[in-house]
Amino acid sequence: MIDCFAIISRGGAVLWQQQGSALKGDPVGALIRQHLAEERLDEAFDYSPSPGVSYGVKWLSSNQNGLLFVAVHDRSSSSLFVADLLKAIKRDFSKVYQPGIFSYPEYDANFKAIHARAEAQVDERRAAAKGPSDAHAEPDARGAAQAVEARLSAEDTNEGAAEGGAEANDAVDISKLKGKVKGKAKKRSEQDLFAAMRSNSKKKDRPKGKEMRRWDGSKDDYKGPLDLSTDKPAKEEAEGTMDVSRAAASRMDAEGESEESDEEEVEVASKGLLGGFMQTLRTNITGKESLTRQDLQPALDAMRRQLLERNVAEEISSKLCETVAAKLSGTSLSSFTRVSTVVKRAFEEALVRVLTPKRSIDVLAEIRAAQARNTPYTMVFVGVNGVGKSTNLAKVAYWLLQNKVKVMIAACDTFRSGAVEQLRTHCHRLDVPLFERGYEKDPAQVAQEAIKQAKRMGVDVLLIDTAGRMQDNEPLMRALANLINLNQPDLTLFVGEALVGNDAVDQLTKFNRRLSDLASGTKRHLIDGIVLTKFDTIDTKVGAALSMVYTSGAPIMFVGVGQNYPDLSRLNIKAICKSLLG
901 MIDCFAIISR GGAVLWQQQG SALKGDPVGA LIRQHLAEER LDEAFDYSPS
951 PGVSYGVKWL SSNQNGLLFV AVHDRSSSSL FVADLLKAIK RDFSKVYQPG
1001 IFSYPEYDAN FKAIHARAEA QVDERRAAAK GPSDAHAEPD ARGAAQAVEA
1051 RLSAEDTNEG AAEGGAEAND AVDISKLKGK VKGKAKKRSE QDLFAAMRSN
1101 SKKKDRPKGK EMRRWDGSKD DYKGPLDLST DKPAKEEAEG TMDVSRAAAS
1151 RMDAEGESEE SDEEEVEVAS KGLLGGFMQT LRTNITGKES LTRQDLQPAL
1201 DAMRRQLLER NVAEEISSKL CETVAAKLSG TSLSSFTRVS TVVKRAFEEA
1251 LVRVLTPKRS IDVLAEIRAA QARNTPYTMV FVGVNGVGKS TNLAKVAYWL
1301 LQNKVKVMIA ACDTFRSGAV EQLRTHCHRL DVPLFERGYE KDPAQVAQEA
1351 IKQAKRMGVD VLLIDTAGRM QDNEPLMRAL ANLINLNQPD LTLFVGEALV
1401 GNDAVDQLTK FNRRLSDLAS GTKRHLIDGI VLTKFDTIDT KVGAALSMVY
1451 TSGAPIMFVG VGQNYPDLSR LNIKAICKSL LG
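According to the numbering used here, the residues represented by the sequence shown are 901 to 1482, in order.
Quick caveat, the hints were computed from the structure, so don't treat them as lab data. As the structure is a computational prediction, the values presented were derived from the model and not from experiment. The C-beta atom is built at its ideal place from N, Cα and C for all residues, glycine as well. Any given hint might turn out to be false.
For lysine to aspartate or glutamate, the following EDC-like pairs were computed, each having C-alpha atoms within a straight-line distance of at most 20 Å [to be verified]:
hint	residue 1	residue 2
1	K1219	D1403
2	K1478	D1436
3	K1227	E1248
4	K1474	E1248
5	K1441	E1214
6	K1219	D1372
7	K1474	D1436
8	K1244	E1321
9	K1219	D1195
10	K1474	D1439
11	K1410	D1428
12	K1410	D1436
13	K1227	E1209
14	K1341	E1321
15	K1012	E1024
Each pair of labels, with its calculated beta carbon distance range [what the hints assert, rightly or not]:
hint	residue 1	residue 2	range
16	Q917	S978	18 to 24 Å
17	P1198	R1424	40 to 46 Å
18	G1230	K1355	21 to 27 Å
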């Protein structure tokens, strides 16, 4: 029995939901908080809000549309039925889904019809499965079993043809997931279906035939064929070039919307740790003429613990508390002024002061100034491995294209396998030129040639991608410093994850130190701004933003809030402060 079925977006918006019975707890919310936010790979879990109450939660994702299809069911329900229902709803809803629409009340009728059809198919499978096990089975039963299997095979074939390679990958994942189910209590019909699904996925991914033997004794040189960066792929991506002018607007240009959305996403806990302490402090100290360090120490200790829980680096938490203590010690309270109000205001002011940029960087204005000089505006993206430099570079390109800026991308990651191909895919989708010289080249020379090519082509902005490197690797850091010192980019952006805590201080400090120490001349070019990635996965643990800005003094220029091109926004300082103090 399906207790609840919901269709939600990756951002957490519920597009459609139908609840069959009263649920205890919030299984859909538990899915978002405990599994999706932590990027777990499992596609089912048990939810027990209270003793004796247990639900099964199973979901299916659609990477093409950025949707999640969630089914909350009774533990006695057939897992095969739930999986078939999820696949059918996913296939049907993709036909009516439109980006930008967040409510589909008319989908109730579709769901009821698909639900009834899925139940009928399960009943037919059970009836057909009894035929082979019964020696006196009627011929009609065998014919029914064959008809059901033929229809399932036809549905799988149609689904693969309609949804392309992405759905084929989902099919393979489902087969692997179901292949992990163990136990002898499974029915024979389910085992046969699992085997059929695995065989179907293998047929789709059938390998090519054996290569012909070379009888001349020569050996193939695999170095050339494996480097695909010098040749264009024989077949372009299945998805064609997108029309950026008609696509969804980047969140960077959504004035007034980012603040409201951030405040909705960041829920301030009015009865949290600090709130409880404020009640005690207000009771004990209200009416004092001045505050002493002894009066403030309990509040400072509580605030320090809360900042650490919010992922703020330990050193920065201590320094921030010391700053507030020094400001409030000896402060005289006016009449009818609560101590809680003074303490909270002091922390808010300190956080706003840290997060506010020391210098304003208007990227679009600087690009216009570079256009007047007939020189391309160059931006370099640096950072450690796996933080999303190439992905967020593509998001920045998308935002610039929507602002009528001519963009070119330079592939200066000549170390990581597949880096050039990844950028080529983004360039094909965004319809922007890519400058690359393959692998095993000097990235500084590649960047220099790219700048010259951009000037010849009349490009407004050149986005330079670099290889990820750890801050303690001196040879790689020397190569990065050489690239920056040789080409003197207009803007050097450090890309860091919003998930890190103490490591953010170490990364930024050592990056700046290496760039300074390894500079060849007297002119040293350090990090100008920060790109904070995976910000949509951290809930209230926003302390990395504070740690990075406090450490480097560089402003946070861009914040990655999703996996699509428009999912790039500005930092909302007010929401960050509320999250840290909540």
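Distance restraint evaluation - G1230, K1355, Cβ atoms, bounds 21 to 27 Å: Hint violated: Cβ distance 60 Å, outside 21 to 27 Å.
K1410 paired with D1436 [C-alpha distance capped at 20 Å]: Judged against 20 Å, a Cα distance of about 27 Å means the pair is violated.
Pair hint outcome, K1219 versus D1403 [Cα-Cα no greater than 20 Å]: holds, 17 Å
Restraint check for K1219 with D1195, where alpha carbons must lie at most 20 Å apart: holds, 19 Å
20 Å Cα cutoff - pair K1410, D1428: Within the cut-off at roughly 15 Å; holds.
Agreement of K1474 and D1436 with the hint, judged by alpha carbon distance not exceeding 20 Å: holds, 17 Å
Pair hint K1474 and D1439, alpha-carbon separation not exceeding 20 Å: holds, 15 Å
S978 and Q917 - C-beta distance against the hinted 18 to 24 Å: holds, 22 Å
Restraint check for K1227 with E1248, where alpha carbons must lie at most 20 Å apart: At roughly 13 Å apart (the allowed maximum being 20 Å), E1248 and K1227 satisfy the hint.
Pair hint outcome, K1441 versus E1214 [Cα-Cα no greater than 20 Å]: With a Cα-Cα distance of about 14 Å, the restraint between K1441 and E1214 holds, given a limit of 20 Å.
Distance restraint between K1012 and E1024, which requires alpha-carbon spacing of 20 Å or less: Cα-Cα ~18 Å, so holds.
Pair hint outcome, K1244 versus E1321 [Cα-Cα no greater than 20 Å]: Given pair K1244, E1321 is violated - Cα atoms ~50 Å apart, limit 20 Å.
Hint violations for this structure: numbers 6, 8, 12, 13 and 18, all remaining hints satisfied.
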